[in-house]
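*Asks:* Spelled out, the chains give:
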Amino acid sequence: MSHAEQSRPAILMAEGGAPAVRPRWRLAPMTAARIALIPAAVITIVCFYAFIVWTFVISLTRSRLLPVYDFVGFDQYRRLFASARWWTAMENLAIHGTLFIAGCTVAGYALAIMIDRGVRAEGFFRTVFMLPLSMSFIVTGLIWQWMLNPVFGIQDAVRDLGWEGFVFNWIVQPDRAIYTLAIAGIWQQVGLCMALFLAGLRGVDPNVWKAARIDGIPTWRVYTDIVTPMLRPVFFTVFVLLSALVMKSFDLVVALTGGGPGFASDLPARFVVDHILNRQELGLGAAGAFMMLCTVVAVIGPYLYREIHKSRGAR
Amino acid sequence: MRYQRVVLYLLLGTAALAMMAPLLIMFSTSLKPMDEIRGGSLFALPRAPTLEAWGKAWGGRDGGSGGLSGQFVNSFVIVFPALFLSVGLGSLTGYALSLWKLRFANLLFAAVLIGLFIPPQVTLYPMIVLVRELGLFGTVPGLVLVHVVWGLAFVTLLFRNFFQSVPADLMKAARIDGAGFLAIFWHIMLPLSLPVFAVAVILQFTYIWNDFLLGLTFSGRGSQPVTVALNNLVGSQFGEQEYNVNMAATMLAALPTVLVYLFSGRLFVRGIAAGAVKG
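Chains as they are written, first to last, in my numbering: chain A, 1 to 315; chain B, 1 to 279.
By construction, these hints were calculated from the structure, which means they are not laboratory data. Glycine residues also receive a C-beta, built at the ideal position from the N, C-alpha and C atoms. One or more of the hints may lead you astray.
Interface residues of chain B toward chain A, partial, derived using beta-carbon atoms under 7 Å [stated by the list, open to error]:
(1) Thr14
(2) Ala16
(3) Leu89
(4) Leu92
(5) Ala96
(6) Val122
(7) Tyr125
(8) Phe181
(9) Ala253
(10) Thr257
(11) Val258
Can you make the complete structure from the sequences, with help from the hints?
*Replies:* What follows is the structure, encoded as structure tokens:
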């Protein structure tokens with residue numbers, strides 16, 4: 001088949017290759033394109049933006065079980081900020097977010113560098129490191145709930161090996177439970193970071209490496225001084241993706257600790273869902289949800305601004 | 001030099017083992033009868049491997065319900081239509097947004113992109129009201145609807161990024177030939193973008209199967225997905241935990257996506273890279 005034929009739609013070929021005349025009843029293509037965007041536009045405007053406004057409006061009312069449009073100003077926000085559970089959740093978000101993002105980035109970058117050294121069985125290692133990514137956070141949470149269970153998991157296994165006094169019971173310690181969340185989260189997502197960094201490392205111009213070798217620069221210094229600064233955009237992407245994940249963290253905490261002991265490992269996402277679905281505190285839940293949105297905007301706003309700016313410039 | 005290679009492989013091997021250990025332990029425990037679990041170590045291999053726990057995880061415990069078979073089927077019943085609709089709508093939207101120079105296309109794209117980062121909790125309650133008003137609360141169509149809504153941004157982004165790279169001349173040629181909006185999509189863009197379709201299908205399958213929040217919120221008795229049922233199964237036991245059954249159930253719930261991942265390896269990675277790096 002010639003090139004010209006390939007690039008033509010088959011339906012027109014059937015008409016003898018002559019430019020098809022558009023029947024009168026057919027829509028103009030531009031109109032069709034506009035119509036095709038209607039579902040997405042409706043979903044976006046209604047289910048994203050109008051619903052955000054709706055949630056905000058509810059957060060200004062005294063709604064409990066059902067929405068009641070009885071406005072009380074920022075009372076729900078006052079209640080929210082006076083709630084110890086909310087602040088524990090926010091503090092936990094900060095602790096978990098920092099550990100999770102730092103851990104994933106460092107471990108993911110280290111794995112990517114090791115794989116990039118031209119190892120054999122690269123495919124095997126990549127597959128293993130990314131395997132947890134295919135599982136749900138519920139599965140990951142349950143797996144680690146058992147691994148960290150003091151009676152039955154790692155602590156017990158190490159004691160069986162002879163270290164009778166070994167203690168690793170963070171999951172039942174109110175001041176430590178939040179750290180177990182980062183362990184499970186890093187296990188799940190480190191493969192994502194590795195894949196992104198590996199793609200970045202493979203994109204580095206081979207001439208950089210040649211030049212560095214001629215200059216006699218040790219490998220580790222090429223990484224620290226040349227390659228890592230070049231990968232700044234990848235680090236940025238990894239950071240944004242992981243932050244978005246942290247904000248949404250709900251399943252993992254539900255399956256791993258159930259927010260416990262008590263509310264010691266609660267997160268804002270769980271606080272909000274709990275108040276809306278179980279506690280009949282719709283107004284308070286909505287206020288929490290809106291504060292979550294503000295946190296997201298603060299962290300991801302700069303990234304979005306850059307992306308949207310970029311896509312405008314590309315036109 | 002030799003010595004460095006050895007250290008490198010040792011480090012990588014240790015990391016691989018650390019990543020696999022929880023899964024291997026789970027698998028080995030799921031093959032043990034309960035008295036072996038009570039007496040033995042977590043690391044011990046099963047002395048008399050049995051699939052009994054897997055049978056219970058699938059079909060339920062003796063005399064009681066609690067097996068995951070029903071919800072496992074539910075998950076498939078939810079995933080396929082949701083997958084079909086969200087990939088269909090997302091691809092068409094991505095195509096219209098990037099290849100047809102429409103007014104407000106960039107604005108709409110920006111609005112969709114931002115939607116990708118809105119935590120689902122923020123719009124959860126209004127969505128509950130919408131689904132309830134449509135009479136779909138607690139039903140499979142309701143769950144399909146919410147998955148299409150929350151999946152739209154991601155699929156659109158994936159396709160939009162691909163279609164942006166299609167040469168403008170191809171569009172021009174097709175339009176000069178008189179091809180309309182859908183003809184160009186169907187006969188030119190669809191064949192061109194088959195790899196992206198594969199990526200979208202794989203990732204959407206994974207996301208929808210793995211979803212918990214939407215299943216927890218919007219499903220009813222007959223439409224519960226496997227993730228929700230799994231969490232209930234493990235969380236609601238009184239008395240002694242049957243760890244072997246729990247672990248078999250957990251692995252069962254993870255199996256479909258793990259298989260998709262193992263068989264699609266490269267496409268999965270590419271999807272993640274495309275969704276992330278280019279996004």
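*Asks:* Can Ala16 (chain B) be said to touch chain A, with a Cβ gap under 7 Å?
*Replies:* 5 Å, holds
*Asks:* Under 7 Å, Cβ to Cβ, is where Val122 (chain B) needs to be relative to chain A, so tell me if that hint holds or is violated.
*Replies:* 5 Å, holds
*Asks:* How about Phe181 (chain B): closest beta carbon in chain A under 7 Å, or not?
*Replies:* 4 Å, holds
*Asks:* Close enough to count: is the Cβ of Leu89 (chain B) nearer than 7 Å to one in chain A?
*Replies:* 6 Å, holds
*Asks:* Have a go at the Ala253 (chain B) hint: is there a Cβ in chain A nearer than 7 Å to its own Cβ?
*Replies:* Given a least distance of 6 Å, the restraint on Ala253 (chain B) holds.
*Asks:* Regarding the hint that Ala96 (chain B) lies at the interface with chain A, is the smallest CB-CB distance below 7 Å?
*Replies:* Where the cut-off is 7 Å and the nearest Cβ of chain A is about 4 Å from Ala96 (chain B), the hint holds.
*Asks:* Min Cβ distance, Thr257 (chain B) to chain A: is it shorter than 7 Å?
*Replies:* For Thr257 (chain B), the interface hint holds, since the closest Cβ of chain A sits about 5 Å away, which is under 7 Å.
*Asks:* Tyr125 (chain B) was flagged as interface toward chain A. Is the shortest Cβ-Cβ separation under 7 Å?
*Replies:* 6 Å, holds
*Asks:* Given Leu92 (chain B) as an interface hint, is the shortest Cβ-Cβ distance to chain A below 7 Å?
*Replies:* Leu92 (chain B) check passes; min Cβ-Cβ to chain A is 5 Å, inside 7 Å.
*Asks:* Taking 7 Å as the limit, does the beta-carbon of Thr14 (chain B) come near enough to a beta-carbon in chain A?
*Replies:* This hint is violated: Thr14 (chain B) lies away from chain A, its Cβ roughly 11 Å from the closest one there, beyond 7 Å.
*Asks:* Less than 7 Å between beta-carbons is the criterion; does Val258 (chain B) satisfy it with respect to chain A?
*Replies:* 5 Å, holds
The structure does not agree with numbered hint 1 stated previously, though it agrees with all others.
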